[in-house]
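2 protein chains.
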Amino acid sequence: MRDHFKVDEWKVIEEGFDKNYNRVTESIMSLGNGHMGLRGNFAEEYSGDSLQGTYIAGVYYPDKTIVGWWKNGYPEYFAKIANAANFIGIDLKIDGIKVDLSKEQFSDFKRVLNMREAYLKRSFTLILDDNQVAISEIRFLNQKKKETAVVKYSVESLNKDVEIEIKPYLDGNVRNEDANYGDFFWKNIEQMNNKKISRLTMETKKSGFVVSTAMDWDININDYQLNKISSENYIADKISFKAEKNDKIVLNKYAAVCTNRDYKKDETPEKAAQKVNEAASAGYENLFAEHKEAWAVIWQESDIKIEGDPAAQQGIRFNIFHLNQTYTGHDPNLNIGPKGFTGEKYGGLTYWDTEAYCLPFYLATHSQEVARNLLLYRFRHLEKAKENADKLDLNGALYPMVTINGEECHNEWEITFEEIHRNGAIAHAIKDYVDYTGDREYIKDFGFAVLAEISRFWADRAHFNPRKNKYMILGVTGPNEYENNVNNNWYTNKIAAWTLKYTLENRDYLENNYPEEYKSWSDELNLTKDEFEHWQDMIDKMYYPYLEEFDIYAQQDSYLDKEQKTVKDLDQNDIPLHKNWSWDKILRSTYIKQADVLQGIYYFKDEFTKESTARHYDFYEARTVHESSLSPCIHSIIAAELDREDKAYELYLRTARLDLDNYNYDTDDGLHITSMAGTWMSIVKGFAGFEVKDDRPYFRPFLPEAWNSFAFKIVFRDRRIKVKIGKEKLIFILEAGEALIINVYEDDYKLTSSEKLVIEK
Amino acid sequence: MRDHFKVDEWKVIEEGFDKNYNRVTESIMSLGNGHMGLRGNFAEEYSGDSLQGTYIAGVYYPDKTIVGWWKNGYPEYFAKIANAANFIGIDLKIDGIKVDLSKEQFSDFKRVLNMREAYLKRSFTLILDDNQVAISEIRFLNQKKKETAVVKYSVESLNKDVEIEIKPYLDGNVRNEDANYGDFFWKNIEQMNNKKISRLTMETKKSGFVVSTAMDWDININDYQLNKISSENYIADKISFKAEKNDKIVLNKYAAVCTNRDYKKDETPEKAAQKVNEAASAGYENLFAEHKEAWAVIWQESDIKIEGDPAAQQGIRFNIFHLNQTYTGHDPNLNIGPKGFTGEKYGGLTYWDTEAYCLPFYLATHSQEVARNLLLYRFRHLEKAKENADKLDLNGALYPMVTINGEECHNEWEITFEEIHRNGAIAHAIKDYVDYTGDREYIKDFGFAVLAEISRFWADRAHFNPRKNKYMILGVTGPNEYENNVNNNWYTNKIAAWTLKYTLENRDYLENNYPEEYKSWSDELNLTKDEFEHWQDMIDKMYYPYLEEFDIYAQQDSYLDKEQKTVKDLDQNDIPLHKNWSWDKILRSTYIKQADVLQGIYYFKDEFTKESTARHYDFYEARTVHESSLSPCIHSIIAAELDREDKAYELYLRTARLDLDNYNYDTDDGLHITSMAGTWMSIVKGFAGFEVKDDRPYFRPFLPEAWNSFAFKIVFRDRRIKVKIGKEKLIFILEAGEALIINVYEDDYKLTSSEKLVIEK
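So the protein lines, in turn, are chains P and Z. If you read the first sequence in the working numbering, its first letter stands for residue 165, the second for the next number, and so on. If you read the second sequence in the working numbering, its first letter stands for residue 165, the second for the next number, and so on.
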């Protein structure tokens, strides 16, 4: 729904409350700080439609698999991030009337997500029979003290003296709406509520994650803090008092959420108590100040500034904001869930989205450690990936389609068993990282093992077809999930052969440069010369389906046997196909959900002439419906490479405000976090033509007509470069780090900190 | 498990009780009479492992679909035959001790299924501390009075006088073990228990089937009937009395089960009362006598007698027995469920098994009406079949994979949407029926509409490929379910083109012979000349994948791209593949679950030379693992045609005693009813080479070496022919009906009632 939120360059603003749109707004207004997150729910009671959601990074429940018909190889469970104890809750009564916006009258409702400073503010005026009461709430999840959350809740009676009852609480009685069998995921470990502390400690069933949530609070009237009552029977979380008209009542609620992911199980509750005490001592203002400071640093590195198009500005900042809320990169056991902390759908914590779409964003906007941790995540799951392959009776490592701990969670045979190209993206991410950072040590220390085991998988999964003297990979689903169980998906065959090649290159590199470490890996992995020869033979004889009459690669063997239709032939009422067509009709159609052959050209563009890229682009873009939010960005980048600027911009627009405008009518389920990186890519890799080759940044920028300029930062090997693309000139500024060579439109320039580089167009 | 049951030509005998094998034995010992059936459960309490099952034909519950991931086009529910009120229950206490064979000691346990007379007898001696008690039970479901069941329960104390408490009861608290969400399928309508009547009336939720079960009983000591107590508070179903040592206590329990499928809802309970009164008046002996008489007639028409091999004799009679228990053919709203009345697995009431495997049995062993009713079943579902097609955005009729009322129940896209060849089997069954019976009126009255709508489906589902100037059918699953989503499955393309051809032939026939009726159909179905031309074009230009180097048809376009392995290459430990291999590995292998190309050759054998058939057989048999019980019979018949007698016999053996020997370790779930017809086909169509061509029976028999002779009956156009194949001669006897010409080994003979035809070998 366009125009629900007001356009503002740094804020998302909801003026007036639309209860039918509340779930969408809750998703949009989610907060997260890498450690935890919550949807934009109200602090006070709301009995209308809402998805109450509080999520703690890495805390999951293994939800028993649900299928119609079991297939050998399916996983036993789907890991779901467990909806955790609600710590923002505050019950409020005014003269005995419980405040609940689904029941009471109100006016001047406003909910504002401040992206620059990462807080949520909400205000409204309650309309009672004989009075009006101004209520407002500010909350943030401290970006520096990850376990700390703060809610500032303000009440002011505008017309008369009132009796106020206010009750901050913790609520562990929460469920995941998408539980397969309605299971309650938690068991209660400890519930304390006395004058010293309010604390709730719960443990996920089966997976044994302990989450301890503690709260403290103070309440103030006109800046005068009420003493807590300290009798033995005092109930810490409820207080009633008289307030005079225009008294300013402010409740500061502090919460701390600690888990046994970070502490010993026994010590976790005590840690939560300690953290909440520290927070209460520091106080709202101090906590807020350090929070804002942390976000200023984030924006300094990752902001994109667009001039002349406030809606685009809001859109890209919204995406960058949520990416930074979801993953901060300091814990190699975490990853980028498809919904982040904004909803429950899909479960799991990572898809191939991380490597294929998110890694470039984190590489270019954060320190090297962050991208490295994303890679280490997979390294740590190598044994599990070998188990996944073994379940399919295959050698080597098969990284999962969806996982949280390395074990496969997904249970559709055509995806789980067949969408094996994901393995290639995980290998390619290693190359991306090494090329960008120059950190070849990573190969020696970790990357080579992952590459070798993935190569082993490909070697076993492909087979030699003596009739054609070629290696083939049958029965796969490519990135285009609108075809299943196809033979010789070009992208899959290509990335498989590429993996083998890159593995052998790195083998040679290690053997020559780190013979000792190479020997050690070789022994540990039990690598043999025969194996390397087999891999080389596969590289030499990999089969690539080709369409002679179009002079392009075929998406898969039988693609041209389909009834040839293009997007132009579609009735607009049939779009999106996945909602309007039977699965049977979709599968048999030529329509492509998501970049597939073009995904490969995006990875291996140097192997294609511009003419060849254009032929592939023209053929496949005409058939691609982009019903995955991960698709348009790739087409956009390729259109940019082909100097088709209008088309690049048009494709960028398709996801630029995907969630803000609820374009797919599913933002109520949560935000499309991983696709947010795609819009970033469209701008930085597409419009600015940024890439890293031969150890230096390359740029090939153009400015979309609708914009006056755009500017972004690149973190590259301990430097920070600011890039501004204007109508008449390009400006490059080295904001931090040592001088370096950059390449713009095929020319090299030396960029130094003393002088900005200005290139007239 | 071989040898669990004693071999006997007319009985299945369990001597001694194996509690771990009880579910299998319960399946084996099931009784049915077309209207209702029950597993071989004990009448008295048994608290050990058991699947209590009572099923009423056509009474189902629409069980909400369970899937991991929804696909557009899936059905909302899976129809499950509802486990209905248990009417055999009898609680027995001897001196206060409740008889329960999982708790008490016993000896001389024997359970005997008498197939000739269709009853179940069970006997054992209870061993108490100071006494032994002989207990026996006989039960049958009256074959003539379909709603009537009788249990005769006998007790004799062998060592001392005892206090006996006996309580016959009805129990409606029954569940389907395989309910998707644990739903209870029934609601209670009425529960009566007074001196006049014990009756339980229940209604299935959602589907609204009312089942009223009434019981009456008498109890006799040494043939002296005890009076029922008639006080107001008398509880009709419990009686206690003293019995002296060696008194012969006999309880005759009568039950009647009536449903609103046969009566008005309001009248159903009254009907049940009436039927049970009639039964009680007639008494055990009379009811049993008429039951045996009815079964004598069944055996007269459908028995196969094998001399020299009692195990084979028992096996084939077991199959014929259960086929006749499952479906009697008098109700065109019923069909042949895959488990009959012997279990709950799979749900639904019909698969394509009915047309492809069962129809020939019923055609050859029952009056024409029975096969006709099987066809009418599909005619009545034509509108539903059109809805099924429409759900996939296709024209015409798509008969369901699984159904009970015409609506599709199955929910795997690769089966539900893709295993469309089922439509062809339903068309071909019309040809089978017409060829066998000569009843071309059926085409005029019903068959043509079905053929035309199926043809319409094929016309929409296939598409013209201009590059190859051929029609193709993409994205199907053939009869071989170990490949999914393949292109141009030869069998599917073949039966599609054949359907079009047969429809056009019948169109011409109707137009020429019944112009008025033709006009009427043509108007009703809105058939056009363009449509007929399109169908003809499809027939002319259908694409059939061919393997030049083997000079045979390919199972599907890419079959030869697979790594070519044959059954000989398999490790025996990997068999059955569906238990030992991942689904991924199965799909990519060359291994074929079930006759696929050979299924087509079986249907269209006249189009193949013997040499060509042999080439196809050699290629595909080498790759077929026969992991469907419906597969070996087709290969056996083709082997017989190729005079490969040993192979034909070997393939026959694979399913001849499938359930009796629990060959697939799944008989605990119920019997493989539809595959039972396959063994019948192996003998009659394979060994005896029986078929109907040009309005006459053809035979081309051979005798398996292991046998001395085999004999069977054929019902053919109001005649009954007995055929006996001996070592030295073949004997044909016309037992009923007018003289006719039969063909044996390509020679015609006149068969008359006055003289048997003896052909020396």
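Worth flagging that the hints you see were computed from the coordinates, not collected in a lab. Predicted model only: the values in this text are computed from it and were never measured. A hint or two may mislead.
With a Cα cut of at most 16 Å, we get these calculated EDC-like pairs of lysine to aspartate or glutamate [said to hold, decoys possible]:
no. : chain 1 : residue 1 : chain 2 : residue 2
1   : Z       : LYS632    : P       : GLU727
2   : P       : LYS743    : Z       : ASP557
3   : P       : LYS634    : Z       : GLU727
4   : Z       : LYS285    : Z       : GLU268
5   : Z       : LYS743    : P       : ASP715
Facing chain P, from chain Z, some residues (calculated, C-beta under 10 Å) [claimed, not checked]:
no. : residue
6   : LYS456
7   : ILE579
8   : PRO630
Each residue gets a CB set at the ideal place from its N, CA and C atoms; glycine is no exception.
How the hints compare with the structure:
Distance check on the hinted pair: LYS632(Z) and GLU727(P) sit about 12 Å apart at the alpha-carbon level, within 16 Å; holds. Distance hint between LYS743(P) and ASP557(Z) is fulfilled; the C-alpha atoms sit about 13 Å from each other, no more than 16 Å. Between the alpha carbons of LYS634(P) and GLU727(Z) the distance comes to roughly 12 Å, so the proposed pair stays at or under 16 Å and holds. Simply put, LYS285(Z) and GLU268(Z) have alpha-carbon atoms about 20 Å apart, too far for the 16 Å limit, and the pair is violated.
Restraint check for LYS743(Z) and ASP715(P): the C-alpha separation of about 45 Å exceeds 16 Å, so the hint is violated. For LYS456(Z), the interface hint is violated, since its Cβ never comes within 10 Å of a Cβ in chain P; the closest pair sits about 43 Å apart. Restraint check, ILE579(Z) versus chain P: the minimum CB separation of about 8 Å is within 10 Å; hint holds. The beta carbon of PRO630(Z) is positioned within 10 Å of a beta carbon in chain P (closest approach about 9 Å), and the interface hint is therefore held.
In the structure shown, a violation is registered for the earlier hints numbered 4, 5, 6, in ascending order.
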